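Two chains, two frames, a set of hints: combine them into the complex.
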Amino acid sequence: MNVQLTESSPAAPVQRVNYWKIVSRNRVALLGILMIAVAVIVALFAPLIARYDPKSSEGISSSDVYNPPSAKHWLGTDDVGKDIFTNFVYGTRVSLIVGFFASFISIVIGGIIGLMAGFYGGRVENFLMRFTDIMLVIPDLPLIVVIVALTKASLMNIIFVIGIFGWTTTARIVRSQTLAVKSRKFVLRAKAIGAGNWHIVIHHILPLVLPIMVVNAILVVSSAILSESTLAFIGLSDPTAISWGQMLNFAFSRGAMSVGAWWALVVPGFGIVWIVLALTLLGNGLEQILNPRLESHHLMPGRPSFQSEAEAAPVKTGKSTAPVLLDVQNLSVNYVSDGKVAQAVRNVSFQLHEGELIGLVGESGCGKTTLMMALTRLLPAAGEISNGHVIFHGKDLAALTDEELSNLRWSGISVVFQGAMNALNPVRTVGDQIEEAILKHIPHFPPKALSARVEELLDLVGISAEHKNHFPHQYSGGMRQRAIIAMALSCNPQVVIADEPTTALDVMIQAQILELLDELRKKLGLAVLFVTHDLGIVAEMCDSVLVMYGGVTAEYADVDTIYNAPRHPYTQELLKAFPDLTKPERRLTSIPGSPPKLDALPPGCRFAPRCPVAFERCSKEAPALHRLGENHLASCHLVEA
Amino acid sequence: MNRWHLLQKKALWSLFTIAFVIVLNFFLFRVLPGDPARAGIKDPRLTPETIEALRTRFGLDKPVINCFKTINPLVLGACDVNPLETQFVIYVKNLFLGDLGVSYYYNRPVEDILKERLWNTILLIGLGQILAILIGMAYGIFAAWKARTVIDYGALITGLIAWSLPTFWLGIILLFWGSSHGFPISGKSTPGMSSYPLMMQIGDLAKHLFLPTVTYTIVYMAEYMLIMRSSLLDVLSEDYILTAKAKGLSVFQILKDHALKNGMLPLVTVIAINLGYTVGGVIQIESVFSWPGLGGALYEAVNRTDFPMLQGAFLLIAVSVVVANFIADLTYSYLDPRVQTG
Chain Y
1 MNVQLTESSP AAPVQRVNYW KIVSRNRVAL LGILMIAVAV IVALFAPLIA
51 RYDPKSSEGI SSSDVYNPPS AKHWLGTDDV GKDIFTNFVY GTRVSLIVGF
101 FASFISIVIG GIIGLMAGFY GGRVENFLMR FTDIMLVIPD LPLIVVIVAL
151 TKASLMNIIF VIGIFGWTTT ARIVRSQTLA VKSRKFVLRA KAIGAGNWHI
201 VIHHILPLVL PIMVVNAILV VSSAILSEST LAFIGLSDPT AISWGQMLNF
251 AFSRGAMSVG AWWALVVPGF GIVWIVLALT LLGNGLEQIL NPRLESHHLM
301 PGRPSFQSEA EAAPVKTGKS TAPVLLDVQN LSVNYVSDGK VAQAVRNVSF
351 QLHEGELIGL VGESGCGKTT LMMALTRLLP AAGEISNGHV IFHGKDLAAL
401 TDEELSNLRW SGISVVFQGA MNALNPVRTV GDQIEEAILK HIPHFPPKAL
451 SARVEELLDL VGISAEHKNH FPHQYSGGMR QRAIIAMALS CNPQVVIADE
501 PTTALDVMIQ AQILELLDEL RKKLGLAVLF VTHDLGIVAE MCDSVLVMYG
551 GVTAEYADVD TIYNAPRHPY TQELLKAFPD LTKPERRLTS IPGSPPKLDA
601 LPPGCRFAPR CPVAFERCSK EAPALHRLGE NHLASCHLVE A
Chain G
1001 MNRWHLLQKK ALWSLFTIAF VIVLNFFLFR VLPGDPARAG IKDPRLTPET
1051 IEALRTRFGL DKPVINCFKT INPLVLGACD VNPLETQFVI YVKNLFLGDL
1101 GVSYYYNRPV EDILKERLWN TILLIGLGQI LAILIGMAYG IFAAWKARTV
1151 IDYGALITGL IAWSLPTFWL GIILLFWGSS HGFPISGKST PGMSSYPLMM
1201 QIGDLAKHLF LPTVTYTIVY MAEYMLIMRS SLLDVLSEDY ILTAKAKGLS
1251 VFQILKDHAL KNGMLPLVTV IAINLGYTVG GVIQIESVFS WPGLGGALYE
1301 AVNRTDFPML QGAFLLIAVS VVVANFIADL TYSYLDPRVQ TG
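Taken in order, these protein sequences are the chains called Y and G.
Taking our numbering, the leading residue of the first sequence gets 1, the next gets one more, and so forth.
Taking our numbering, the leading residue of the second sequence gets 1001, the next gets one more, and so forth.
I should point out that these hints are in silico values taken from the structure, not numbers from a laboratory.
For clarity, every value in this text was computed on a predicted model and none was experimentally measured.
There could be a bad hint or two in this list.
What the hints assert, rightly or not - Label-pair distances were calculated between CB atoms; the ranges are:
#, chain 1, residue 1, chain 2, residue 2, range
1, G, L1015, Y, Y19, 40 to 48 Å
2, G, L1335, Y, N126, 22 to 30 Å
3, G, L1015, Y, N407, 31 to 39 Å
4, Y, F45, G, I1151, 35 to 43 Å
5, Y, A504, G, V1023, 46 to 54 Å
6, G, V1023, Y, S337, 52 to 60 Å
7, Y, K72, G, S1194, 46 to 54 Å
8, Y, N407, G, Y1153, 32 to 40 Å
9, G, A1138, Y, P579, 21 to 29 Å
10, Y, I112, G, S1250, 47 to 55 Å
11, G, V1150, Y, L31, 17 to 25 Å
12, G, S1194, Y, A37, 15 to 23 Å
Unchecked claim - Below are the DSS-like pairs computed for lysine-lysine, each with C-alpha atoms no more than 30 Å apart in a straight line:
#, chain 1, residue 1, chain 2, residue 2
13, Y, K448, G, K1261
14, Y, K583, Y, K597
15, Y, K620, Y, K597
16, Y, K468, Y, K523
17, Y, K182, G, K1261
18, G, K1062, Y, K152
19, G, K1261, Y, K468
20, Y, K182, G, K1010
21, G, K1146, Y, K340
22, G, K1256, Y, K468
23, G, K1010, G, K1093
24, Y, K448, G, K1009
25, G, K1146, G, K1010
We treat Cβ as the ideally placed atom computed from N, Cα and C, and that holds for glycine.
With the rest of the complex left out, here is chain G (with noise of 0.2 Å):
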């Protein structure tokens, strides 16, 4: 009962802050001095009609919000207009009919290009992260397991050395080495291949795949590492690993059986606390290696300024990055059972 009670608070509470979300990123946009209708209509070719007729397209003619003027300083609202009316109400009435508005750069609606990025970002964290999680928890496990010696020396310096790299650095440096190394330098796919063979195709999707995954496990793995590894020299000096030993247990029992479960829970709070933080770092690798996803999406709007790109991508980063974290949080009540019955 508890349990249930914790997921709908949590469930509650995720939903709060997608809302704080949609609107940040509306009023970012429409507050900020980069906004759509001076940065993306400004261009001095176009005639007065034009540039009406834009605005009407992208609905910029309408006023941002109901009469607000007592506590807006920027005087985004008008009065005497019907509330349904504003840009707002729109935005968030198209958001839920799943309209993202259209590129700018691609002319084409936003939530189409992202949907495909979406996936191609999630292939690519989803590899990476499973790829650091085991190795970070295997290497910091041990590194723990055998303190004080030169391996534990060994893993904390290389350690700390590789959560000390810019992430996009350390992927330039592996793109360098790669190209010449008969890797292709970016992209998810060589053009063409969609004649081929399926088990081409996949072949040729793990050859692009190969650098950005690499870059992402190095680097969260040095991260996931150092946390198991003190996480895991707390619990080894736990009462109950003398119990455990006492009781006649091997060294890999105890390890396994006592000693993992306690010590992956800061883990747990850790890969849900840096989602946001993985993000950033999928930034990077994404616009080194030209990778189609939403990072990728994002440096390309930054470039092109492809505002409603970069508000959608925004906000698909921004959102699935809160229910990824609603995941993290439900997966920690589940490994600590004193969360659960408290």
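Excised from the complex, chain Y in its bound form (with noise of 0.2 Å):
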């Protein structure tokens, strides 16, 4: 544990990081950086680039008021006949100053509550966030209003107005970071060594919430920015120093929209949208590199299906008598990103009898999960079925249109995801997302008996009928897997999916999820599709086993072949890393190494880099699919006969 402790906790948590390089990357906040550049380049230069000087009224004549853009005044003149080009040009340093030395004082007094109510927490937290909330509520803006309209409006005054009242959001969001830092191994470890508080705060703390504090400080930036505006609009502002909000003030209030004199009010305007347009940008860019988005939703249409190879006898499976429900034939998915395709699943063909249960096992990232998806088309919207076709019923899932699919779905097809994960939707009953399914696929149930086909399902799968109306938090993690099954049954399916229903479950809870699946299997009937890397599982299920490695079949065949003559070096290894209890005592042993990853396939045998028994061709040639008995198949060329 201490030798552990010390690998993955580094003593200072600060890396070099090129924050340009990661800045430079995204072009909103690019933008944003460029038009504050073009801002902070005006108002250090203004003198050089105003054609007049903004104090003095020499020359200006009667004849000079509200004139329009000309040769001589770019962008017209004002009230009392000065350049607005000019006046524009010296607003810009208002804006900026008063940006940045109120959010200044904003953030230092919202950066020191935070912290301290983090760091501290108990009655120092209580007592800062309480007295937070309660300045969160009360409106700034008028508050501001009356206190620099009771005092004096100097630029200072301002300054420091907006300054003092702008702090909330930071102390907020500095809050929860700095308890979200707290408690990490490197800060509990310098605790520990004996550092003082303000060590820590100052040298493993504050590195943490300074990113999330940038991003806050140049929204806290943009406010002041318009609440100075704002305040010199309604007549607030320094008489001496010019600001846009100002300009706008008096050309509204002195007759510019009566002689219809547009550009002395749209000119000012277009400076604040400018300063705060950019400040906008980088704030949402930077925010985009501190929380990336997923780049797709389950809503995006997904990447159509087509055959990308002439069609193959595909291999048959399987021994059983029964009839085929579920036929999937030479099945390939593909992801597709910025261009490039990655290989997923890779010709996979199986077929599923009625009551058969058949497991999908390999190690994360083999394309277990994936193939399971592409089966009722559920990909995420990178993924295409590239070939193949899934036959159930004499119809092509892979072929069929949206509508007709969101028919057969669950009616013939449900998927049993995991229940310890966000499966159902936390804001609506579980009754009330079970009698969802039914009325989907059975439109005219009758409403008197919906209630009791709920109840009925739920006993059915162990949850009494009073939980119908709790919500899924109010389940535990057993409850909301069972909760998941009687959703999956509700509509009589032929065929379940399940995926790794088990995984975040505990042992004991685990064993009875499975013996109620397996149970529910024989009495209803069912074909199901177990996905799963426990191969003890596997065992007790299953009824024929499918192993997958990157992507392709590595062996199919029916359990006890599976168990006793595997004849994939996969699945030798596989099965070294499992106790079994009915052989003799063996060594655990993992197979080192991982998956490929799927942009980058090895050119033979995908497995032949962590193949302990591979030989020259291996690593050149992929190997067939080789029939090795009536109901065992096995791609590898020492199988070859």
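This is the structure we're talking about:
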């Protein structure tokens, strides 16, 4: 444990990160920075850029009032005949000064309050956060207006007042981030060594809180700039400092509207929009960098299926004399992103017979879940069926229209998802979610019988009727998994696909759920495709086993053959990693390495780099799927007849 | 039971916040240099007797608070006075009687003026908020559903630009446009309208309400759209959406029955938190369109140094925001079952 601790927790969490490199890759943030840079340059070199002196009224006559844009005055003149372009350029200064200094005050106050609340916790936190909540509710702009109106509207005053009322969001964000960082290992370790609070905050917590503070600071700056311009617009501005809001106030209250002097009204606003938009873009860009979002969601239209290869006769599996329910023929699935294609599943065929339970095994990343999702076309948006058919009742699921497929989902083939995850909607009752499935597929289900049917289903999986109207968060992990099974059975499907339904549950509950599933299968005559990486489960429940590796079928056989006479080295290695109580005691070994990355598949056999018995041919030529018996297939050069 | 408990707790905090606002409001106006005694009665033309009479009339002759010298560096109080005779106690007492003082400018009770104006503001905010929420939500949902398409990027860009527009400037631009397209440029009704039939009065009101409401809607719609979009993008990548899809539900059913309620939760929070901010926008809109509401009252009070009005308007605005926030909190706990049953 100790060794691990020192290994996994570097003394200083701060790594030298090239921030510029990260930021420059985000186009939104880059545009924001560029726009801010322009504003800063204009502010710095205002005297060089402006064509007149804003303070002098030399040479201005009454005929200069509200002149439209001309060669002499690029952006026209204002109510006292001054050059708007000049005022506009100088106005940049006030906005940036207020934005910078006011937000500096806000962030220092908010940062200290947030750090203290998060770090000390307890009463300090309670008091500070209650105070923050109160300040957050009190509308800040009216308060700022009142205070500036009661004091003097000098630039200093405005900066100060905006600054001391703009800290609430910062305090909240910093507090929650501090709380998250505080319990990390390196902080606990620093405490254990006896580092002082001050040292811990400065050296360990602040560096990790800082990135979020920077994003927040950008928003604080833009809201300070907006506050200043609003104050100036309603008449609270420093008469000695020209600002955009002030220009608008003068133009608006001194007749620009009635004489049609649009330039006096449009130009200053453009400055505010420029700077606020720049900050918003930068803030958004940085936010994207800090919290990268998934590029897709479940409702994005999927990629169409197609046939990339000539139809080959699919391999037949199973010795069952029962009729075939689900016939998977030469199925291939690709993931396409940024024009790059990765083969996730390649040429997999098998038949699921009535009442049969096939276990789909392999390590994580071997294409099990992809294959399962492809069967009813639940692949993520980047996934596509690039070859093959999924025949169910004479229809090819890979080629159906969305609507036809929707009608078959759940009523023909249902899916048991991992219940410990978020597979149930947290804001709807469990009973409601089961009813919904029934009503979708049996629209004329008698309303009176509906409730009884849901109770019957819950009873089937051992949940008492009183839990029907409870929400998922009121269920335990095991109950949630049972409820999902009940939901999967609600429309009397013939095929149930179970995707590692017990992974996140404890061993006792796991056993219960599996027994339940097996019992229901026999009772209701279901055909089940069971995805797992637990060979123990497979031995106990399955009729046949499909071992997948790197997206291809490694071996397929009935369960006895797989356990007693596996032929593929991968199956053999997998079995060595699991304890078998029926056989003499032996050492458990794991397979070194990990499954190949889908975008970098080895040229020959996909298992060759990890295979203990690989020879020269394996790294050059992919093995074909060889038939070894009536119901035994393996893809390995060693089994070639 | 938990829900009731939560409601009590929230109500208590709201009351506490209101008390804090009352105290803050009182002391701001007594402590800061622009206090009524100096600002309102500083006219050199007044004789000392008149000043004294005015001070008595506004209650400024009494000590601000009872003996508080030890902790009070500004020495506001005086000892040996009846605590009930201090300005603070009188102020609080008057508040409970609904008396907010007399406006310097109108020379009428502040509460009478603000009472009419409160409803005008509620009308503007209510209408604008409903439109902004509806349009913003619909637009946000659509953008999230069509993620990474031209529709989505277009929504994002217009949203960010609209979000960056200063409210008062947008108002000015719309006013500029509206004044040349037959829209009234200020106020709530055309003078003399009250003698016309009711339908015409309503039509006149709608005409006056149009531009302020559009301004309000554009500014807040953008924000709600951006929040709804990002919250819905999160929701649509959740496992339960995949479950709903596997169940065979249509896209419309999934959006309506599974995504909307979850996706709305952050929006409700933001609406609640932003109520204070919304009021800031209302001040700007009402100033531009001379809409006779609370924000306009604040604007006028600033420009006329009408302190009783400023104080009253601020108090009413702050209290309304606290109450609205309380309502939003309740809505949230109604939407998210995890809050009530924890």
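Hint check results:
1. G:L1015 / Y:Y19: 40 to 48 Å: holds, 47 Å
2. G:L1335 / Y:N126: 22 to 30 Å: Holds, at about 26 Å.
3. G:L1015 / Y:N407: 31 to 39 Å: violated, 56 Å
4. Y:F45 / G:I1151: 35 to 43 Å: holds, 41 Å
5. Y:A504 / G:V1023: 46 to 54 Å: Distance hint for A504 of chain Y, V1023 of chain G holds at roughly 52 Å.
6. G:V1023 / Y:S337: 52 to 60 Å: For V1023 of chain G and S337 of chain Y the Cβ distance comes to about 59 Å; the hint holds.
7. Y:K72 / G:S1194: 46 to 54 Å: Holds, at about 50 Å.
8. Y:N407 / G:Y1153: 32 to 40 Å: Holds, since N407 of chain Y and Y1153 of chain G (Cβ atoms, about 34 Å apart) stay within the stated range.
9. G:A1138 / Y:P579: 21 to 29 Å: violated, 57 Å
10. Y:I112 / G:S1250: 47 to 55 Å: For I112 of chain Y and S1250 of chain G the Cβ distance comes to about 52 Å; the hint holds.
11. G:V1150 / Y:L31: 17 to 25 Å: At 19 Å between Cβs, range holds.
12. G:S1194 / Y:A37: 15 to 23 Å: violated, 56 Å
13. Y:K448 / G:K1261: holds, 27 Å
14. Y:K583 / Y:K597: Roughly 34 Å separates the two Cα atoms, so the pair is violated.
15. Y:K620 / Y:K597: Judged against 30 Å, a Cα distance of about 18 Å means the pair holds.
16. Y:K468 / Y:K523: Given pair K468 of chain Y, K523 of chain Y holds - Cα atoms ~23 Å apart, limit 30 Å.
17. Y:K182 / G:K1261: violated, 33 Å
18. G:K1062 / Y:K152: holds, 26 Å
19. G:K1261 / Y:K468: OK: K1261 of chain G and K468 of chain Y at ~20 Å, within 30 Å.
20. Y:K182 / G:K1010: Roughly 29 Å between the alpha carbons, so the hint for K182 of chain Y and K1010 of chain G holds.
21. G:K1146 / Y:K340: holds, 22 Å
22. G:K1256 / Y:K468: holds, 22 Å
23. G:K1010 / G:K1093: It holds: about 25 Å lies between the C-alpha atoms, which stays within 30 Å.
24. Y:K448 / G:K1009: violated, 40 Å
25. G:K1146 / G:K1010: Cα-Cα ~38 Å, so violated.
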